[in-house]
Structure formats: C-alpha cells, structure tokens
Amino acid sequence: MSNLFKVGKEKIRLVRRILLKWLRDNSLTRLISLLNRFANGMKTYLSEGHTPPVSYYAMRELYAYTDGHLNNLMALCFELYYSSYKIINYKGILGDLDRNQIGKISKQTEKDGYSILPVKLPESVVSDILDFAATIPCFSDSSYPEKLISFREAYSHDSVNSFENPTYWINNQSLLEHQPVQDIVFDETFLLLAQVYLGCKPILCLVSCWWSVPLNREPEFGSAQFYHYDMGRLKCVRFFFYLTDVTSKNGSHCYVKSSHRSKPKVLRPDGRKTDNEISQHYSEEQCVEICGEAGTIIMQDPSGFHKGKALEAGYRLILQLVYSVSLFGSDYERIHISMCKDKSKKMMRAYPETYTLFSHND
Numbered sequence: 001m002s003n004l005f006k007v008g009k010e011k012i013r014l015v016r017r018i019l020l021k022w023l024r025d026n027s028l029t030r031l032i033s034l035l036n037r038f039a040n041g042m043k044t045y046l047s048e049g050h051t052p053p054v055s056y057y058a059m060r061e062l063y064a065y066t067d068g069h070l071n072n073l074m075a076l077c078f079e080l081y082y083s084s085y086k087i088i089n090y091k092g093i094l095g096d097l098d099r100n101q102i103g104k105i106s107k108q109t110e111k112d113g114y115s116i117l118p119v120k121l122p123e124s125v126v127s128d129i130l131d132f133a134a135t136i137p138c139f140s141d142s143s144y145p146e147k148l149i150s151f152r153e154a155y156s157h158d159s160v161n162s163f164e165n166p167t168y169w170i171n172n173q174s175l176l177e178h179q180p181v182q183d184i185v186f187d188e189t190f191l192l193l194a195q196v197y198l199g200c201k202p203i204l205c206l207v208s209c210w211w212s213v214p215l216n217r218e219p220e221f222g223s224a225q226f227y228h229y230d231m232g233r234l235k236c237v238r239f240f241f242y243l244t245d246v247t248s249k250n251g252s253h254c255y256v257k258s259s260h261r262s263k264p265k266v267l268r269p270d271g272r273k274t275d276n277e278i279s280q281h282y283s284e285e286q287c288v289e290i291c292g293e294a295g296t297i298i299m300q301d302p303s304g305f306h307k308g309k310a311l312e313a314g315y316r317l318i319l320q321l322v323y324s325v326s327l328f329g330s331d332y333e334r335i336h337i338s339m340c341k342d343k344s345k346k347m348m349r350a351y352p353e354t355y356t357l358f359s360h361n362d
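Once you know that position 357 of the sequence shown is 357 in full-length UniProt numbering, the rest is easy, because the numbers rise by one and skip nothing.
A few of these clues could be false.
As the list claims (entries may be wrong) - As a list, the in silico SDA-like pairs of lysine to any residue whose alpha-carbon atoms are at most 25 Å apart:
hint, residue 1, residue 2
1, Lys341, Gln179
2, Lys104, Val119
3, Lys111, Gly295
4, Lys265, Tyr65
5, Lys249, Lys273
6, Lys257, Tyr282
7, Lys43, Ser330
8, Lys257, Asp67
9, Lys120, Gln320
10, Lys107, Asp67
11, Lys249, Tyr315
12, Lys43, Pro53
13, Lys104, Ser330
14, Lys257, Asp245
No lab work stands behind these hints, which were simulated from the structure alone.
Work out the full structure, taking the sequences as your base and the hints as a guide.
Here you go:
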C-alpha cells in the first residue's frame with residue numbers, strides 16, 4: 001500500500017507541473033471551467049451511475065491538455081478504492097498461461113502500448129465464430145441497425161459489389177448469445193490480464209465484432225482507418241482477436257509504439273491523424289503493423305495512436321473486448337443474455353463488478 005501512495009504522490013506532482021505549465025500558455029478561466037465540468041460529472045457518476053455529456057467531453061479535452069496524466073491520476077484513485085480480486089482461476093480458454101507469462105504480457109503492454117499474446121485462440125473456437133459471423137445478418141450503419149446484410153457469401157468475389165460500406169457490425173445481443181463467444185467473454189485469463197494492467201477490478205465495458213471489406217481501398221474516416229486514440233473511459237485495456245488471417249493487404253492493425261505514454265503537443269487534440277502527421281513525430285520503427293493468423297490475440301492500450309489499415313483485398317473479422325477502471329465517460333450498453341451457459345452465470349456471480357453490464361435469466 002505504501003508503494004501505491006508513493007506512486008500516487010509522484011503522479012500528483014507530475015500533474016501539478018503539467019497544469020502549471022499549461023496555465024502559462026492557456027486561459028485560467030478555460031482550465032477552471034473544464035475541471036469544474038469534470039468534477040461535477042464525476043460527482044454525478046459516483047452518485048447516479050451515469051456521466052453528463054458535458055463532463056465526458058471535458059474529460060477528453062483535459063486528456064489532451066495534460067497529456068493523459070490527469071486520467072492516470074483519476075485511474076489511480078479508482079485503483080486505490082476498488083481493490084483487485086484476491087483469487088482468480090486463470091487457466092481458461094488459452095490453457096496454462098501462468099502468472100509469470102501474464103506479468104510479462106502486462107509489462108510489455110505498459111512499455112509499448114500493445115502485446116501479442118504467446119498463444120492463440122483454439123482453431124475450433126475460431127472456426128465456430130467465423131461460421132456464425134458469416135451467416136448472421138449484420139448492419140453497416142448504427143443509425144439504421146434494422147438495415148441488415150448477410151455475409152453468407154462473404155468469400156465470394158461476386159458479393160463485393162453488394163457492399164456499400166467498409167464495416168459491418170454483428171448485433172451485440174446475437175453475438176453474446178453465441179456460446180463460443182461466451183467462452184471468451186467469460187474467461188478468467190482475459191479478466192486477470194486486464195486486472196494486472198489496470199491495477200483494480202476491471203469492468204468489461206464493451207464487446208463487439210465486425211467485418212471489414214475492401215470498398216474504396218482508401219482509408220475511411222468513419223471506420224477508424226486513420227490514426228487516432230480512444231478516450232471513451234478514464235483508462236482502458238482491450239483485446240483484439242483476429243478471426244481471419246490478417247495480412248498487410250486485408251486490414252492489418254497498426255499501432256504507434258509507446259504513444260500511450262506521451263504525445264507531442266500538436267497531436268494531442270481529439271481527432272483523426274493522417275499517416276503524414278504521425279510520421280513527422282514518430283519513426284518508422286515505432287509505427288508497427290500487426291499481421292497474424294486467425295486466432296492471434298492482441299492486448300492493447302487504446303489511448304495510444306492506432307488504426308485499422310484500409311483493405312485492398314479479402315475480408316477481415318475481428319472480435320473485441322474492452323475493460324476499464326470505471327464506467328465514467330461515454331454511454332454504455334447493458335446486455336441481457338437469455339441463452340447463458342452455466343459457466344457464464346458462475347463468472348457473473350464470482351466477479352460482479354467486472355460483469356456489471358451483463359445479466360441473465362435465473
């Protein structure tokens with residue numbers, strides 16, 4: 001505990017220096033306004049469980065102004081208040097991934113912002129989810145979720161002309177009813193990895209799965225194909241699961257190594273960044289392109305710059321889990337799983353904070 005408080009004091013001093021420097025270059029009135037909105041929103045969140053939009057956007061702006069250190073300080077407060085789970089059976093779907101390996105993966109992620117896990121999803125799990133995703137209707141526009149398109153012929157060259165958008169999402173309710181997906185979502189290994197990285201009981205705040213297709217072969221602004229960082233929560237970690245083979249031609253994930261730790265001032269404001277903007281501040285070696293076979297798992301801090309490369313050919317299917325220190329931030333979705341496995345129910349009972357957004361039939 002003494003070490004935690006020592007780290008906390010160091011972070012407070014660092015934030016103080018950053019804020020004082022910021023004051024020399026910016027309006028005191030603006031800073032006070034942002035901090036006031038943020039503080040009021042945090043008070044509302046702690047008492048009522050939701051975040052006012054104005055407070056959420058204040059958090060995003062303060063992240064840019066403090067280079068993420070204010071977020072780290074607030075995340076530390078949650079770490080101190082919400083202790084970690086004492087006992088976790090971490091031998092899950094990935095087999096015997098021991099605590100030593102888990103520690104190495106977490107440290108690698110802390111250093112570089114990402115880590116490729118040393119083991120892959122079992123082929124049977126990948127194949128099952130792939131078959132499921134290829135047949136269930138998907139939607140390409142969240143504004144019109146009822147407008148569906150089937151991926152039954154996703155591997156047919158003739159079907160390319162039927163696509164109107166570069167990204168097609170699987171409905172979350174249908175996704176979580178699928179048993180092999182539950183095996184991943186309610187797995188102790190990913191829960192433990194998230195807990196070690198975040199330093200407290202992690203909250204699973206997002207599960208999603210989507211297809212990417214080659215539309216214009218150029219980056220799409222709305223499909224995360226420009227560099228950006230995610231700031232929906234104070235502090236997060238996520239897992240990407242490649243469910244198809246991913247090469248440089250069909251949507252490899254790209255990450256700017258160590259950009260989660262600090263960013264050049266000119267790149268801190270919210271928004272998409274072009275490859276040229278990134279290359280002016282980061283070396284070619286720092287801009288990592290992650291290719292891999294189906295089953296490859298990437299652990300990532302989404303506060304670093306990243307993008308999905310625009311597809312030139314083929315298709316890509318990705319599953320994503322996001323864990324956070326709290327639900328302060330953007331809106332979140334609650335999911336009721338009617339077809340819930342016994343193991344999934346057991347996990348909800350054992351780790352209620354982690355699965356607070358999920359429910360099931362008794």
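These are the hints, each one checked on the structure:
Taken as a hint, the Lys341 and Gln179 pair is honoured in the structure, with Cα atoms around 7 Å apart against an allowance of 25 Å. Taken as a hint, the Lys104 and Val119 pair is honoured in the structure, with Cα atoms around 13 Å apart against an allowance of 25 Å. With a C-alpha separation of about 24 Å, the suggested pairing of Lys111 with Gly295 holds against the 25 Å cut-off. Distance restraint check for Lys265 and Tyr65: the Cα-Cα separation of roughly 8 Å lies within the 25 Å cut-off, and the hinted pair is therefore satisfied.
A threshold of 25 Å between alpha carbons decides the hint, and for Lys249 with Lys273 the separation of about 21 Å falls inside it, so the pair holds. A hinted pair counts as satisfied when its Cα atoms are at most 25 Å apart, and Lys257 with Tyr282 qualifies at roughly 9 Å. Using a Cα cut-off of 25 Å, the hinted pair Lys43 and Ser330 holds, with the two alpha carbons roughly 15 Å apart. About 16 Å separates the Cα atoms of Lys257 and Asp67, which keeps this hinted pair within 25 Å; it holds.
Under the criterion of a C-alpha separation no larger than 25 Å, the hint pairing Lys120 with Gln320 is consistent with the structure, at around 14 Å. Between Lys107 and Asp67 the alpha-carbon distance is near 21 Å, which keeps this suggested pair within the 25 Å criterion. For the suggested pair Lys249 and Tyr315, the alpha carbons sit about 9 Å apart, so the restraint of at most 25 Å is met. The suggested pairing of Lys43 with Pro53 holds, with an alpha-carbon distance near 13 Å, which does not exceed 25 Å.
With a C-alpha separation of about 31 Å, the suggested pairing of Lys104 with Ser330 is violated against the 25 Å cut-off. For the hint linking Lys257 to Asp245, the alpha-carbon distance of about 23 Å falls within 25 Å, and the restraint holds.
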